[in-house]
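Engineer: With these hints in hand, go ahead and build the complete structure from the sequences.
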Amino acid sequence: MAHVIDERLANLGVILPAAPAPAANYLPYILSGNQLLIAGQAAVVDGKHLFVGRLGAEVSVADGRQAAQRAAINVLAQVKAACFGDWNKLTRCLRICGYLNATPAFAEHPQVLDGASDFLVAALGDAGKHVRTVLGASSLRSSTAVVIDAVFEVRIDVSNCF
Amino acid sequence: MAHVIDERLANLGVILPAAPAPAANYLPYILSGNQLLIAGQAAVVDGKHLFVGRLGAEVSVADGRQAAQRAAINVLAQVKAACFGDWNKLTRCLRICGYLNATPAFAEHPQVLDGASDFLVAALGDAGKHVRTVLGASSLRSSTAVVIDAVFEVRIDVSNCF
Amino acid sequence: MAHVIDERLANLGVILPAAPAPAANYLPYILSGNQLLIAGQAAVVDGKHLFVGRLGAEVSVADGRQAAQRAAINVLAQVKAACFGDWNKLTRCLRICGYLNATPAFAEHPQVLDGASDFLVAALGDAGKHVRTVLGASSLRSSTAVVIDAVFEVRIDVSNCF
Chain A
0 MAHVIDERLA NLGVILPAAP APAANYLPYI LSGNQLLIAG QAAVVDGKHL
50 FVGRLGAEVS VADGRQAAQR AAINVLAQVK AACFGDWNKL TRCLRICGYL
100 NATPAFAEHP QVLDGASDFL VAALGDAGKH VRTVLGASSL RSSTAVVIDA
150 VFEVRIDVSN CF
Chain B
0 MAHVIDERLA NLGVILPAAP APAANYLPYI LSGNQLLIAG QAAVVDGKHL
50 FVGRLGAEVS VADGRQAAQR AAINVLAQVK AACFGDWNKL TRCLRICGYL
100 NATPAFAEHP QVLDGASDFL VAALGDAGKH VRTVLGASSL RSSTAVVIDA
150 VFEVRIDVSN CF
Chain C
0 MAHVIDERLA NLGVILPAAP APAANYLPYI LSGNQLLIAG QAAVVDGKHL
50 FVGRLGAEVS VADGRQAAQR AAINVLAQVK AACFGDWNKL TRCLRICGYL
100 NATPAFAEHP QVLDGASDFL VAALGDAGKH VRTVLGASSL RSSTAVVIDA
150 VFEVRIDVSN CF
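Those sequence lines, one after another, are chains A, B and C. First residue of the first sequence: 0, per numbering that gives the first Met the number 0; consecutive thereafter. First residue of the second sequence: 0, per numbering that gives the first Met the number 0; consecutive thereafter. First residue of the third sequence: 0, per numbering that gives the first Met the number 0; consecutive thereafter.
Honestly, the hints are just simulated from the structure, not real lab data. None of these values were measured; they are calculated from a predicted model. Be aware that a few hints might be false.
Claimed, not checked - Using 30 angstroms as the maximum straight-line C-alpha spacing, the simulated DSSO-like pairs for lysine-lysine come out as follows:
| hint | chain 1 | residue 1 | chain 2 | residue 2 |
| --- | --- | --- | --- | --- |
| 1 | C | K79 | A | K47 |
| 2 | B | K88 | A | K88 |
| 3 | C | K128 | C | K79 |
Structural biologist: Okay, structure coming up:
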């Protein structure tokens, strides 16, 4: 029987991609105690950045929301990989931080990051509820529009196993 | 008898407000093990941003310090709510991160964030001493001047209780 | 007999400085459970910022890489101080976050932060592998080029001992 998270993803029409490879010399995720730390993820599909440019200029709020959702999908792909595909190992999302490539005049950060938060709650239910911070970055790697990193809580202590 | 933290707040002339509601689809705080994570807080009073604009332009260092203090007051209001009003549940502040809406030429970030750090030490004593990072953001939600998030340590393990 | 980390540092030609004092009212590091949190470090030597200005303007990618490495050296100096000089207390690096003083057009963030990541892996071996996030800041304290903060894992529970 499919796990409820897989059912929700299917209902959302979301197919989790293979977890994206890191952009440089770092790990995509790391486990410490029952905390799972996820490296910053962008809206990258098949190695290509989907939304390039700044909120408040080249990228609209609607596109920024989509970028935030795609970045969150990649975050969740990393979580699934860290759990060896077993959602039962996941307790909940604790925190996301959203970095928006944004102009000085841009002010609608919450609306953009809700693209990620709404997706996480839709996919994980109550376990997707999290604290968050969002801020404008003066620039981001490859001029991508949105980067999101995250901390999740996992059920089992896997310290020193990674 | 009043708790020493309440006495210190009274001496500082600070009345903790009701914990501000989140600006969008996220939690104001979350507990995991003995870590209490606080979502990014701004200098908001009764739903109104007190300091709007950028350090280095519309907002002075002195006003930035006040904004940082007000944001830290809201952080502490969230901590109190998370502890159900019982300061004995709080061990100490571990970390704050300060995001300053700032121009490229601005360079006095530590002076601004000291508005938050000085307040936390004044209110919590040694338990208010923390590590921190401060950086200039290209923009912040509602063009607010300062956002601060934080991690506190609490005395009791409340995993999976939230 | 020298610890392997000291040997690797010697082979890299790196002499860890005394841990830099904080720039304002905060702690350079704090221990909570088996997590060691390091405050934001810049490429400061003897109180002087080595690289001042923005990536994409006054500071080249090559200089940015050096700034990131120097900041990471200062991070490691704090770790050594927190461990009372005993590397056996250190388990591994969990996470770094890199803040680059950068123009809106700058896009080579990973190349810059690799200056820190490459150093940590060279110095700590597998224990230096970490997750990370890197973003452009609109400005940084003293107009320094790079700030890095970090979370390490330590072997012993030192809660409430700090």
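Engineer: The structure should be examined with respect to each hint, and the outcome stated for every one.
Structural biologist: Hint-by-hint comparison with the structure:
Taken as a hint, the K79/C and K47/A pair is broken in the structure, with Cα atoms around 40 angstroms apart against an allowance of 30 angstroms. Simply put, K88/B and K88/A have alpha-carbon atoms about 29 angstroms apart, close enough for the 30 angstroms limit, and the pair holds. Taken as a hint, the K128/C and K79/C pair is honoured in the structure, with Cα atoms around 17 angstroms apart against an allowance of 30 angstroms.
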